[in-house]
Amino acid sequence: MQQTEIYERLTQTLRDVFDDESLVATPELTAHDVKEWDSVNHITLVVAIEEEFGVKFKTAELEKMKNVGQMVEAIEKKTAG
Amino acid sequence: MHLEWLPSHEDWDGLLRSVKELPAGEAAARLVELANSRMEFSQMGKLDRAFGRTVRVCEGAIPGLERVKLAILGSATISHLPPGIRMAGLRRGLQIDVYEAPYGMYWQELIDSASGLHAFQPDVILLALDARHLAGAEGSSEAAAMELLRSCWRQARTQFQCQVLQQTVMPVFSNLMGDNEERLAQSPASIVAKVNERLRVESEIEGVDLLALDRFVVNEGMGFWYESDFWHRSKHEVHPKATGIYGDHVARLVAAGRGRSKKCLVLDLDNTLWGGVIGDDGLNGIVLGQGSGTGEAFLDFQRYALGLSERGVILAVCSKNDEKNALEPFEQHPEMVLKRGDISCFVANWTDKAANLRHIAKSLNIGLDALVFADDNPVERALIRQELPMVGVPELPEDPAGYVATIASAGYFEGLKITEEDRVRSQLYQANAERDRLKDSVTDMGSYLESLRMTMTAQPFDAVGLTRVTQLINKTNQFNLTTERCSEAEVAAMMRDPKVITLQVRLVDRFGDNGIIAILIARANGAEAVIETWLMSCRVLGRQVEEACLNVLVEQCAVLGVRALVGLYRPTEKNGMVREMYRTLGFELEETEDSGATRWRLMLDTYEPRPVPMQVEVVREATV
Numbered sequence: 001m002q003q004t005e006i007y008e009r010l011t012q013t014l015r016d017v018f019d020d021e022s023l024v025a026t027p028e029l030t031a032h033d034v035k036e037w038d039s040v041n042h043i044t045l046v047v048a049i050e051e052e053f054g055v056k057f058k059t060a061e062l063e064k065m066k067n068v069g070q071m072v073e074a075i076e077k078k079t080a081g
Numbered sequence: 001m002h003l004e005w006l007p008s009h010e011d012w013d014g015l016l017r018s019v020k021e022l023p024a025g026e027a028a029a030r031l032v033e034l035a036n037s038r039m040e041f042s043q044m045g046k047l048d049r050a051f052g053r054t055v056r057v058c059e060g061a062i063p064g065l066e067r068v069k070l071a072i073l074g075s076a077t078i079s080h081l082p083p084g085i086r087m088a089g090l091r092r093g094l095q096i097d098v099y100e101a102p103y104g105m106y107w108q109e110l111i112d113s114a115s116g117l118h119a120f121q122p123d124v125i126l127l128a129l130d131a132r133h134l135a136g137a138e139g140s141s142e143a144a145a146m147e148l149l150r151s152c153w154r155q156a157r158t159q160f161q162c163q164v165l166q167q168t169v170m171p172v173f174s175n176l177m178g179d180n181e182e183r184l185a186q187s188p189a190s191i192v193a194k195v196n197e198r199l200r201v202e203s204e205i206e207g208v209d210l211l212a213l214d215r216f217v218v219n220e221g222m223g224f225w226y227e228s229d230f231w232h233r234s235k236h237e238v239h240p241k242a243t244g245i246y247g248d249h250v251a252r253l254v255a256a257g258r259g260r261s262k263k264c265l266v267l268d269l270d271n272t273l274w275g276g277v278i279g280d281d282g283l284n285g286i287v288l289g290q291g292s293g294t295g296e297a298f299l300d301f302q303r304y305a306l307g308l309s310e311r312g313v314i315l316a317v318c319s320k321n322d323e324k325n326a327l328e329p330f331e332q333h334p335e336m337v338l339k340r341g342d343i344s345c346f347v348a349n350w351t352d353k354a355a356n357l358r359h360i361a362k363s364l365n366i367g368l369d370a371l372v373f374a375d376d377n378p379v380e381r382a383l384i385r386q387e388l389p390m391v392g393v394p395e396l397p398e399d400p401a402g403y404v405a406t407i408a409s410a411g412y413f414e415g416l417k418i419t420e421e422d423r424v425r426s427q428l429y430q431a432n433a434e435r436d437r438l439k440d441s442v443t444d445m446g447s448y449l450e451s452l453r454m455t456m457t458a459q460p461f462d463a464v465g466l467t468r469v470t471q472l473i474n475k476t477n478q479f480n481l482t483t484e485r486c487s488e489a490e491v492a493a494m495m496r497d498p499k500v501i502t503l504q505v506r507l508v509d510r511f512g513d514n515g516i517i518a519i520l521i522a523r524a525n526g527a528e529a530v531i532e533t534w535l536m537s538c539r540v541l542g543r544q545v546e547e548a549c550l551n552v553l554v555e556q557c558a559v560l561g562v563r564a565l566v567g568l569y570r571p572t573e574k575n576g577m578v579r580e581m582y583r584t585l586g587f588e589l590e591e592t593e594d595s596g597a598t599r600w601r602l603m604l605d606t607y608e609p610r611p612v613p614m615q616v617e618v619v620r621e622a623t624v
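Heads up: the protein sequence lines correspond to chains A and B, in order.
Under my numbering, the letters of the first sequence match residues 1 to 81, in that order.
Under my numbering, the letters of the second sequence match residues 1 to 624, in that order.
Since the hints were derived computationally from the structure, they do not count as laboratory data.
Among the hints, a few may not be true.
List of simulated lysine-lysine pairs, DSSO-like, C-alpha gap at most 27 Å [what the hints assert, rightly or not]:
#1 A:66 / A:77
#2 B:263 / B:194
#3 B:339 / A:64
#4 A:78 / A:66
#5 B:69 / B:235
#6 A:78 / B:235
#7 B:417 / B:69
#8 A:56 / A:66
#9 A:77 / A:56
#10 B:69 / B:263
#11 A:66 / B:235
#12 A:58 / B:235
#13 B:362 / B:339
#14 A:35 / B:20
#15 A:77 / A:58
#16 A:56 / B:235
#17 B:499 / B:475
#18 A:64 / A:77
#19 A:56 / A:35
#20 B:339 / B:263
#21 A:35 / B:339
Here are some of the chain A residues that sit facing chain B, going by a computed Cβ distance under 8 Å [as the list claims (entries may be wrong)]:
#22 44
#23 48
#24 55
#25 59
Just so it is clear, the structure is predicted and the values come from calculations on it, not from any experiment.
Idealized CB from N, CA, C, for every residue including glycine.
Pulled out of the complex, with its shape left as it was, chain A reads as follows (with noise of 0.2 Å):
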């Protein structure tokens, strides 16, 4: 999948999920800078995002994300060939 692709839906996931239909999915976003992503959401952003690319992510993988990028860039290898 191309990343342009993951970036769009993730856009809308992040927005189904927070419920903020301002929220657009760009590599640097992190927790921080979205007001409902704490602790409880994340795991529901997780599972959310499992779902919409039929991918699972493993604890380690989930540890050392920093931000959207390196999300988007897991989702990649996940989904590719």
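Got chain A; can you put chain B on it based on the hints?
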């Protein structure tokens, strides 16, 4: 989300967006409609937020919904559980306000009169303690877990006089021993199993209702319900994706506690209770009963409906049919499990079904919201959902084999207390089971056969059985003396021939109806009759059905003035088991051919009926 009894809504997201523009009253109806459709995990979150907004717009109480205050007390993460509970409440006309006790503080919240729980004054308390907390710590035991739970229940009951729900323990632990895990007392998996067993008994004594998590996880499988990485990361025991179905189980208990369970199952007929269309296919053409996988699936569904009716669910029929046709199977089809007397309100006409459901609710004196409508036809289902949104309309699968599971999975008829009538009936069942156990322990064959409580019914071929009879004649290989195959037309011709004795034999025992299990055809010619066909189903071997059949055949021969019976055996690769049958039954060997075929004779003047361990009923004339 595995809410498989709910229909999918084509434009779910569009419908949800439109909620914002609606006035509060209409918004509530729209939310209920959405909650009654299948949804994905993230859709549930969105719907829950829209619901929250509507609650705020309505200043706390949405008109038309019953408000219930439910508190969840847990030992690990529970913050993901409320949306599923709220949405399942909405599905049942409830506005469930949820209070989450702070992480792990279930006991403090119960005993501290200054706690948030005390301020909340719940109508329902849900105790959702995780498996590690109860069974996975050093020194855990069944006794300690039960002691803790009992203390919680008593606190909850005395402090709040409210409904208390206890989640059974999720079986998250892997085995240390294996299939015989319970032999290892200290194994966490074994403690979980034992606690769950004890909960079944003690919850009833203490007036607590169980949320049988350990039982319903089986439906979707543990892989769906629990992932260890979610536990390690964030102490989620119930997987976030499973919260929709979890919440539905909670809400059905809450609804049941408030008398909101459904009370009546309304059944369509054609392709719902049997296969085919009675008005077109006729009594002999509908698919129902033994001998066809589809026919057995319909039987199974009828049995489930009967089981529901025996525990107090009312059954009704709503069918587009002429009443005369609709009643025919109930009155005349031998395999129907449901009888006319099981149906409290029988409506068969050509009026639209919404009007008929209104009539049914009125004549049974129950609300429309107490009805569940089971119909194979998606068009009828859509009509009822639109016209009467308060009626439960399960999305039946195309294959009737799935009807029972779909209706059961919806939990429409969730029950908490058994009635006095149920109690009497279950005592009766237990007494029977006790008697059967006594008989099971007796090893001699005679009393074993007696204990089966068999009734054999022999009757001439008839139109209803014709297809099944022909099928048996053409597929039975082992217990088949002549392996004489016939077409349906040939069988029908024998039915009409006064010189031919035809017998189709059914056997019912305490385990149920075995269907048609033997077929005999004998052709009379003067003073003797030749048994052209004698075949039996292997599942009733060793029960002296042969002797009982011979008794009936001899009796019928006498009526025709026949004085000798001739038996034929023609060997095939498969029918060696009956080579000596006629000898065993007292026939004299008359002739052996080179092929191994034999011819036997039995003189009827001196024949004494054989004693048989069953009741025998003989129907003289074809009923149809």
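To see whether the hints hold, each was checked on the structure:
| no. | hint | verdict |
| --- | --- | --- |
| 1 | A:66 / A:77 | holds (17 Å) |
| 2 | B:263 / B:194 | violated (34 Å) |
| 3 | B:339 / A:64 | violated (65 Å) |
| 4 | A:78 / A:66 | holds (18 Å) |
| 5 | B:69 / B:235 | holds (25 Å) |
| 6 | A:78 / B:235 | holds (26 Å) |
| 7 | B:417 / B:69 | holds (22 Å) |
| 8 | A:56 / A:66 | holds (18 Å) |
| 9 | A:77 / A:56 | holds (12 Å) |
| 10 | B:69 / B:263 | holds (24 Å) |
| 11 | A:66 / B:235 | holds (22 Å) |
| 12 | A:58 / B:235 | holds (16 Å) |
| 13 | B:362 / B:339 | holds (23 Å) |
| 14 | A:35 / B:20 | holds (22 Å) |
| 15 | A:77 / A:58 | holds (13 Å) |
| 16 | A:56 / B:235 | holds (18 Å) |
| 17 | B:499 / B:475 | holds (25 Å) |
| 18 | A:64 / A:77 | holds (15 Å) |
| 19 | A:56 / A:35 | holds (26 Å) |
| 20 | B:339 / B:263 | holds (19 Å) |
| 21 | A:35 / B:339 | violated (63 Å) |
| 22 | 44 | holds (6 Å) |
| 23 | 48 | holds (4 Å) |
| 24 | 55 | violated (14 Å) |
| 25 | 59 | holds (5 Å) |
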